[in-house]
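Line by line, the protein sequences give chains D and U.
Going by our numbering, the first residue of the first sequence is number 1, and it counts up by one from there.
Going by our numbering, the first residue of the second sequence is number 1, and it counts up by one from there.
Warning: the hint list may mix true and false statements.
What the hints assert, rightly or not - Per the computed footprint, the stretches of chain U lying under chain D, defined by three or more beta-carbons under 8 Å from a beta-carbon of chain D, are:
#, segment
1, 11–24
2, 33–42
Stated by the list, open to error - Computed spacing ranges between beta-carbons, pair by pair:
#, chain 1, residue 1, chain 2, residue 2, range
3, U, Glu84, D, Leu108, 51 to 57 Å
4, U, Val151, D, Val99, 54 to 60 Å
5, U, Leu165, D, Gln210, 35 to 41 Å
6, U, Ile212, D, Val28, 38 to 44 Å
7, U, Ala4, D, Val99, 28 to 34 Å
No lab work stands behind these hints: they were computed from the structure.
Where is the CB? At the ideal position from N, CA and C, for every residue including glycine.
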Amino acid sequence: MAVISRLREVAVDRGRNRSDRILFGTMVALSGFGLLMVYSATASTGFAGMERQMIFVAAGLTIYAVISNIDYRELKNLIPIVAGVVVLALLGVYLFEPVNGAQRWIPLGFFALQPAEFAKVVVILLLAAVLSPNNRDELLTQRQLTWPTVFRALVIVTLPAALILFEPDLGTTLVFGFILFVMLFVAGATWRQMLALAATAAIGVVVVLQQKMLATYQLDRIRVLFDPSVDQGALGIRYNIQQSKYAVGSGQLFGRGLFAEGTQTSFEYVPEQETDFIFTAVAEQLGFVGGILVVAAFAVIVWRLLVIAANARDRFGALIAAGLAAMMVFHVFVNVGMTIGIMPVTGIPLPFLSAGGSFYLAMTISLGIANSIWLMRTPVPGENQLT
Amino acid sequence: MKFALRLTTLGIAFMAMFSVIGLRLWFIQVAEGPQIARAAEEATWLGKSSFAARGDIYDRNGTLLATSRMVPAVMVDRTFVQPEQRDELVQELASIVGIDPAQLDALYDEAGINGRFQVSTVSNETAYAINESLDELPGVEVVKVPERVYVNGPTMAHVIGHLGLPEEADLTERPELDRNVRIGKLGVERVYDETLQGTSGTIEYRVRRGEIIEQRPPVEPVAGSSLVLNLDLALQEKVELALEQGVALSNEVKEEERDKGEEVFSETQRAAAVVLDVNTFDVLALASYPDFDPSNFVAGIDETTFDELNEAKAFNNLAVSGLYPPASTFKAITYTAKLEENLPFPTEVEGIDGQLIHCDGTLNLSELADGSVQVKHDWYDPRDLGWLDIHGALENSCNIYFWNVALGTYQAYNGKANENILQDWASRVGYGHETGIDLTSEAPGIVPTRQLFEEWKTYQLENPDEPPRLEPSRLDLASPWLGGDLMDFAIGQGAFTSTPLQVASSYAALVNGGIILEPRVVREIVAADGEVTPIDRPDPVTVDIAPATRASLLEDLGRVVNGGTAAAAFRDFGEGVENIGGKTGTAQSTATRDNHAWFVGVAPLDNPSYVVAVLIDEGGSGGQVAAPVARNIMQYLAGNEQTPIVQGEEAD
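Next up, chain D with everything else stripped away, as it sits in the complex (with noise of 0.2 Å):
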């Protein structure tokens, strides 16, 4: 079994490689953090959000342990079958229910699976498979990245990103954008290549709209931005942003405190709070002090995944963290952007925060790679950099 043969060198030849302690440390204080404030979110109902949480964080935390300890090299031949797995179940979530008018859930009993948040990763590593060389010679010779490459590149992300796109989901959609745009930046694409992936994208853009792909609800949540007139829906997404800005602001530079009573959020007057706006509990509750704080624990963790990129032992290795750093950054930046008003409202949850267990549980594998990655970072002697 070569999975308990690099479990042994892991263990025997690199013992001087400790974890990443910081990017542990700091995905555990987000975690534990994002507990309290799904509890502050659903207090009136008791406990039960926080529990359901609190199985999930569980759940991440072993597998974040076990994906650690697994060579992230070991992923390079699961890919194929990863990512066949999980086509399919994007497809699978059409043969259920629409759940508020969108079909993105495989129910599972006691909780739903979202298959579009695993995707993620997986995109994220069959990309750096492909942007990344093959061996040294192609490392050798080919500096920049070749054309065929950055189109099996695009060809990779466009599958994934449609089904996604027709669940409706417009935020992950874009999740995906995002990091081909950043991977392909990292891999070496020339400006000339990057100027065709924008063009591309534009294409795209004008072709989703002249279509009508996108449903009038979802061309009003970007509208609204700009022209606050804009109410489809009946008032939904004025609410909606009206109460988190009041949630937000309402916290000023120290917060009400933890349960104050009177709140924006002891009143539940946010709607989906504990999931996609668990950031107004936050602010709320512990003001710009407490926001500033979360903000910066996740500027930590793209730190550490950029320096993880920086000594990964290969380019493979250094491209999926590259990658997860643009995915953490893309849903921080949305996440919290549309709480406060700069960004539109889409489903794009917080990580670590964010009630939910797809999501959680993909964001734990998103590190436990990234910790693979780092305890990997020394060459051991005479071994090829590039296998």
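Dock chain U against chain D, hints included.
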């Protein structure tokens, strides 16, 4: 670019994105935090209204015209409905109330998150049934809401008006409005809406998951004030009946004309009348035919009924918004101006002898350069009435006489500072601008002048695609205003338009000694606590009219009724007919429409107290059709027996 450099660049870009978040957080939480916190605190309070009773409307004798009764209505407060309960609630409630679930769904959406809306008013039985099952109907409550009752159906509909739910524009203009409370849309219901409306009370509370957790002391509603009108219900009923019969009479006349082979363009369908107190300008009656029943609007009018009424122009209050040339009724103003300003007759025109004019149906204008003589024929009455002075001219409505007045005025003043001397008289007694009556959609009318025609010409040349107001041949002239236009004006024709109210109020001014007030349909406001406030009105405007001129006019108006163009119509008036005056009018309409019939009555002549203006839209001859209607109304006012409305003499 090296790999490490690319990663560094990426790191800088990512940190920039985090900084944007940080700055925006600082802005919202620290810079603007206190303001937002205050707004947020206020936003956690939800409110619902308790409805104020709308004021009543009474006639001048205290007879109830419109009131409100409290009826049960079903309200839904979305604050108390959890999202997952919505569909079931909508289905259930729609079947109990008996409306389309889709419609209820739409109302639900429209109300917005935490919104409260009225589903409909319901019978007492339905209200009872809903109250029995409130446990299964989250957010539903049965409240008493005021519902308007119009005691006399369509009588006085155009004055009273009707109610309707506020539209978005109303809500923007008057933010204090409750979207569930109907507001006035027409008539005094609209003009005095804020007086009648009262102030809704509010109950403010905070809610968590459908439970009220905190409440503020409620603000009680303040009932609206009531209105007392100047109109007299009994008189109004007589006027409306007379108008209806006048329209029928006009159609009888048209039938006869058709039988005689004369040209008739259409059925008579519309009419209007105003009875005005000449001293106070109180509106004693004001009617427009056809009418509508404001009760139809109480629970929202159905589309078919609305379209039918709208098609018939039943919502148009023709007495204040219908525009017609005042026709020969205007001769009383030209008459007064002639005497007051000593307007000259033309020179070099045949048929003038001192103060006498030869009323033979033609006006021979001066010889033209080519030796031909331009002859203008009386457009309506070709008979030879002999030589007439101003008194005989008014009595017989001689167009030739008043044409000569206009032509003389044109010759004397054309191009000079006072060339609008006749039009200025018209404006002073109320033409060409709103009278300022307290009703909706009053039309100003048009008093044509050289300046106006020149504006029209400029506009027409710049906008050739729009419908022309001047004949194309006028556009070639240096000035489109001609002597013929002033001649048309002097007999109330041409581009001149006015409303029946303007005609009535101009006569009031002529016979009361020159005092003009804004007409009022409302006399006083009675607050819920009984305090009475008379309606305020601007100071009167005075026009100088010599007592001799006024006396002469009154005498000649009497001759119209007792021997002139209205004599036949007033034959059956009964006692006191010698104390009645008036003037007939027949307004030329477009080439394909029948003439409009006018009559303005004044009584009593020895001490005028009221004027009656009657207009039958495309009704035919004033003397034949409108004068009998006015006679019938004036019989009632004089306390005489009202004799049937039969045709009078066909006269201008």
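Hints versus structure:
1. With 9 residues having a beta carbon nearer than 8 Å to a beta carbon of chain D, the segment 11–24 of chain U meets the requirement of three or more and the stated coverage holds.
2. Judged by the Cβ-Cβ criterion of 8 Å, the segment 33–42 of chain U is covered by chain D as claimed, because 8 of its residues qualify and three suffice.
3. As the Cβ distance of Glu84 of chain U to Leu108 of chain D is approximately 21 Å, the hint placing it in 51 to 57 Å is violated.
4. Val151 of chain U and Val99 of chain D have their C-beta atoms about 56 Å apart, which keeps the hinted 54 to 60 Å range intact.
5. For Leu165 of chain U and Gln210 of chain D, the Cβ-Cβ distance of about 39 Å falls inside the hinted range of 35 to 41 Å, so the restraint holds.
6. Hint check: Ile212 of chain U to Val28 of chain D, Cβ distance near 41 Å, so the stated range 38 to 44 Å holds.
7. The beta-carbon spacing between Ala4 of chain U and Val99 of chain D, approximately 46 Å, falls outside the hinted interval of 28 to 34 Å.
Of the numbered hints given earlier, the model fails hints 3 and 7; all others are met.
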